[in-house]
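Given these sequences and hints, build the entire structure.
As they're listed, the protein sequences go chains A and B.
When we follow this note's numbering, the leftmost residue of the first sequence carries the number 1, and every step to the right adds one.
When we follow this note's numbering, the leftmost residue of the second sequence carries the number 1, and every step to the right adds one.
Since the hints were derived computationally from the structure, they do not count as laboratory data.
A hint or two may mislead.
One copy or any two copies: either way a pair holds, since identical chains are not told apart in the list.
Listed next, the in silico DSBU-like pairs over lysine-lysine satisfying Cα-Cα at most 30 Å (straight line) [claimed, not checked]:
(1) Lys544 / Lys340
(2) Lys375 / Lys2
(3) Lys166 / Lys375
(4) Lys573 / Lys50
(5) Lys2 / Lys166
(6) Lys448 / Lys544
(7) Lys166 / Lys448
(8) Lys50 / Lys235
(9) Lys275 / Lys235
(10) Lys448 / Lys60
(11) Lys375 / Lys60
(12) Lys573 / Lys109
(13) Lys448 / Lys287
(14) Lys60 / Lys573
(15) Lys432 / Lys448
(16) Lys268 / Lys340
(17) Lys340 / Lys275
(18) Lys166 / Lys340
Protein chains: 2
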Amino acid sequence: MKVTFQIEGAAPVIIECNLGDNLLELARRGNVAIDAPCSGNGSCGKCRVKLIEGELDSLKSRHVSEEEWEAGWRLSCNSKVLSDCTVFVPDIASAYQSRMKTADLSSPKEIAIFEDCQNHLRESGIHFVNNFRSVVITMAEPTLDDTMPDNERFTWAVQEALGVEKVHIPYTVMVRLASTLREHGFTVCVKGELDGDTFRCMEICGPEDTAIVGCAIDIGTTTVTMVFTDLTSGKLLAKGSSGNGQIRYGADVINRIIEQGRSGGKAKLQNAIIKETLNPIIASLCKSAGISARSILRLSVGSNTTMNHLLLGVDAEPVRMEPYIPSFFAWEGLLAGDLKLPANPLAPVLIAPNIGSYVGGDITAGTLASGIWDKDEMSLFIDLGTNGELVFGNRDFLMSCACSAGPAFEGGDISSGMRATDGAVEACVIDKDTMEPTLEIIGDPGQKVVGICGSGIIDMISELFRCGIINAKGLFVREGRRILRDEHGMGRYVVAFPEESETAREVSLNEVDIDNFIRAKGAIFSAIDTLLQSVDMTPDCIDKVYVAGGIGSGINMHNAVNIGMFPDVELEKFQYIGNSSLTGAYAMVVSDEANAKCAEVAANMTYLELSTYPGYMDSFVAACFLPHTDRSLFPHSVQEM
Amino acid sequence: MKVTFQIEGAAPVIIECNLGDNLLELARRGNVAIDAPCSGNGSCGKCRVKLIEGELDSLKSRHVSEEEWEAGWRLSCNSKVLSDCTVFVPDIASAYQSRMKTADLSSPKEIAIFEDCQNHLRESGIHFVNNFRSVVITMAEPTLDDTMPDNERFTWAVQEALGVEKVHIPYTVMVRLASTLREHGFTVCVKGELDGDTFRCMEICGPEDTAIVGCAIDIGTTTVTMVFTDLTSGKLLAKGSSGNGQIRYGADVINRIIEQGRSGGKAKLQNAIIKETLNPIIASLCKSAGISARSILRLSVGSNTTMNHLLLGVDAEPVRMEPYIPSFFAWEGLLAGDLKLPANPLAPVLIAPNIGSYVGGDITAGTLASGIWDKDEMSLFIDLGTNGELVFGNRDFLMSCACSAGPAFEGGDISSGMRATDGAVEACVIDKDTMEPTLEIIGDPGQKVVGICGSGIIDMISELFRCGIINAKGLFVREGRRILRDEHGMGRYVVAFPEESETAREVSLNEVDIDNFIRAKGAIFSAIDTLLQSVDMTPDCIDKVYVAGGIGSGINMHNAVNIGMFPDVELEKFQYIGNSSLTGAYAMVVSDEANAKCAEVAANMTYLELSTYPGYMDSFVAACFLPHTDRSLFPHSVQEM
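Shown next as structure tokens:
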């Protein structure tokens, strides 16, 4: 028996199978990209395929309308194969990746973020210098009277040019030495790193190619972002981003670790991030920056503990299972060649150190970039990704923790949820009287609604609550044109009726969605609460709140406080600092001192394990209301009844 | 149009081709192994194939008898394809490789060679120690109260076990750390190298596998030999050898360099030595020594300059072309992983340094092993391989040169020549009166003659000369049953008539063969002569002659002097020292001091370029007689008229 996957925009894949095999499993076996952020438990409704021919045994789902069912749409995760089948697979991965915003480097705002980072790290005494060098050397051509071998001739020229005693020539350079010297008439460019009195060559090329490049990478569970920077000047050369190709193996770290533990899983997850995600971005940035991949002499990675374990192909199962042991917090010695990244194979890959199983290098890099480690004021640093991570403290101490907020901020676990791409509602105001929404939709003017992204959900819940449409438990308490109930009585707010939406499907927020979201915001708030308690402090002590993360870019701080996600402190204390993991990785790749400082910050940071901390669960339960069971904590929260 | 190669003992290979394509070229294109030591110029007659079907345009050749021609035998190098063809290809390469003698390690003589080397190097103050270590460590299993990550746990255990400050964990170890620790209950064996206060891990495995192994390799142009040794004790673990798989691209270094310069040539020559030759020997020795390839922590290579350039995949063309510039003499930094050798990828590969384009690491390793660098006596070291290389001197100075003796010593350029394998005449006595030969034939009792190997040719020419059958110019001057002449009057001595030979083909030595051989021995003698002259010395000054090389194993020193190949010194001054390149490589891989000494010996050795040395050509011409134009140089040479 066999299934033919007709993949949108790609060659079909045919998989041999047995009667009753699960369609999503088959797709994964054949490396067919189907978006399944809930990892196949039927809850997210993203793994839709269309049956063209043959027979499937599929469960009905609220994610598939009657018309869609008639047209052949099924959820692959709950479909079993009954005969030879042909199914159509929408190119979700590539559609998702191409929808990602690619930052415009000419945008002064983009450049300003990195310049800001440089500036305030410089103020903290960090120099933006490194030991990478690029130098053009000329040597005498050999003759019958001067028969010195190539490597000695070359060594002498490098010694003279750089004033070093020793020159280390690796195999990758040696193997091309004879031909490169002769091709360029014994005038060549050499690139490498100074190490005391030794110059470690990394590259030999023609004298016109003198670029030496650093590549800083933020590997998020959902999104990967990268910048290229000139290692000499620290100037930005290119920037790009894409979805994390591992998304098809689960939206969260737990599902990916489970997937990694299956047969061939290490290579599968590693390929998904390296071959499918990083390599294409690097190739595209090389092109736009006009440099060769071999000119990339150092890379840095800000990523959570699971992401860097999956990147390395290291067994992440012990991270997930009690007693939750990563292979490493800090680890030195990784080279681009180890991971077969398209860069100079000898380029060191700096991994920002982890400080616990669920507080990783993205947070240490972010903390470095936030500068809170060098301040007198008490700062709270919040990174809202697929997980929520927090750091609190100042120059004297730093305390961190993580909470599993789940994928709700990114549209996962939400029936009409989506990531912050074209068609997503990213902001919303609701008229208290008419209960009609005014939406801000990502995309070109005229873009119709596809779904709701994290910041849109925050606004919507805040507005529904403010307008008294939902109560503190998130249940609908008013009636109206946009407020519908299903046969079980579950209420929902219709953001877009089918005729108003891009996809002709209703876009709405129901009580289960709101409950999911309240749990997520409750997890964040109770984590902040517990972290403060652990150092005997209260929200009053907070001088500054830095909010980071892709999810945060459209966030309305007022609304986030209104629903009890963030503590009720003065709005001017909030500052959105963008992708702090990437900014930190940028500092690390350019500056040896920033890299050392990041290790120091990580080594001095205390990790608080919330799941075993007394009182955390009580605090979480209390936070699962709008804004909170203890209304006095949110004097500024508004509900107009 | 296409040619089907029916390869003896292998799957057929079908190659698309055009009318008139050369058959040997097609075979090479299809990676079909056809022995062609003369690189396709029709002179060696080794590239025979049998036409089964179709039409070839082939030249007749003295190497193919009329009966053979009728049966379909052709030389592939001079055959053009006229139609779809099927040809039978004898499995020369594999037959040749399997016929190679694999030394028996239980043989006390084999072991004695390496023990001798150790002993006399020890007497010269060289210690047989290195910094490689293997240690079994146990660490506490992690618990909820002890959540240190794996790499810190591991580092602490190594620091404690070895008393080092730093532990470097490479990617290859990190990637298996979590699973290996858990698989073996946190008791594992660690292997690596001490480097000051740092231990550089190279391998992690179960506690039962503590072996650490060195692999010493002699890469000859014709033959590759290898030993495995215990890096702790220096004991031999296994030994093996095989033909150099590059043989199909030419018997000598020049033809191979030409082949490397063709499109895809670098990879082709590198694959022939690494994938086809070294990897199978390593695999077989791993099996016989009962060790895993990852336990090989260091390798060493003794090889001539061209061989080590081809091994590395470095452009060897500048070695061949004026002004004859190698990429390197000495070069450090090669790792097994660079060459994808089946060993620990981080294992250093020590290349014995070259000292000129035609005096390579095999000679410096051999010189190290010979011990002449630490002696008062004047010693002459002769390595007779496909090229002839010489070193003369003592502890005060060392002078070296190379001469292109050509492949005659190994049976190349000789009509009935062959390598020293089964069926080769390796020694011979001729009765002066009857002119009948008494032969020693390699192989089991009853083995009939196939051809004549180098030592057999020396004996035969010496005997023909002693018996007055040939004159000083190598021309036949007596008549008899075994002395025949062809239609042009060229004489030959029939060693075996067709009915006496294994192959039913006549085995004989003709005047062209003898002339070729006289040129080869003349090259050796005149090189010795010139080398001595260059330091104002004469053969009287020689206290000791060390003869090394695979070719030398059956050599009769008396006969070699009798024909004027070696200077006429007392026979007791000659000592055969076997494969000195391998013995030297063995010392290097076990002993850091031997490795350093080899570099020192190489750096202090002077290279004499014979081709431009005044008087060399005259000396060569004078030496192209039996034994020499100046008979007084050979008072002991015998010609009984």
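The hints, checked one at a time:
1. Lys544 / Lys340: neither (42 Å within a copy, 54 Å between copies)
2. Lys375 / Lys2: Neither: 63 Å inside a chain and 78 Å across chains, both beyond 30 Å.
3. Lys166 / Lys375: Neither: 42 Å inside a copy, 33 Å across copies.
4. Lys573 / Lys50: Result: close neither inside a copy nor across copies, 49 Å intra and 89 Å inter.
5. Lys2 / Lys166: neither (62 Å within a copy, 55 Å between copies)
6. Lys448 / Lys544: neither (37 Å within a copy, 96 Å between copies)
7. Lys166 / Lys448: Neither way: Lys166 and Lys448 sit 64 Å apart in one copy and 60 Å across, limit 30 Å.
8. Lys50 / Lys235: neither (48 Å within a copy, 68 Å between copies)
9. Lys275 / Lys235: Answer is within; shortest intra-copy Cα gap is 27 Å, inter-copy 45 Å.
10. Lys448 / Lys60: within (27 Å within a copy, 84 Å between copies)
11. Lys375 / Lys60: neither (56 Å within a copy, 92 Å between copies)
12. Lys573 / Lys109: within (21 Å within a copy, 85 Å between copies)
13. Lys448 / Lys287: neither (34 Å within a copy, 68 Å between copies)
14. Lys60 / Lys573: neither (48 Å within a copy, 96 Å between copies)
15. Lys432 / Lys448: within (23 Å within a copy, 109 Å between copies)
16. Lys268 / Lys340: Classified as both; 15 Å inside a copy, 23 Å across copies.
17. Lys340 / Lys275: both (9 Å within a copy, 21 Å between copies)
18. Lys166 / Lys340: both (28 Å within a copy, 27 Å between copies)
Figure legend: structure checked against the earlier numbered hints; hints not met, in rising order: 1, 2, 3, 4, 5, 6, 7, 8, 11, 13, 14.
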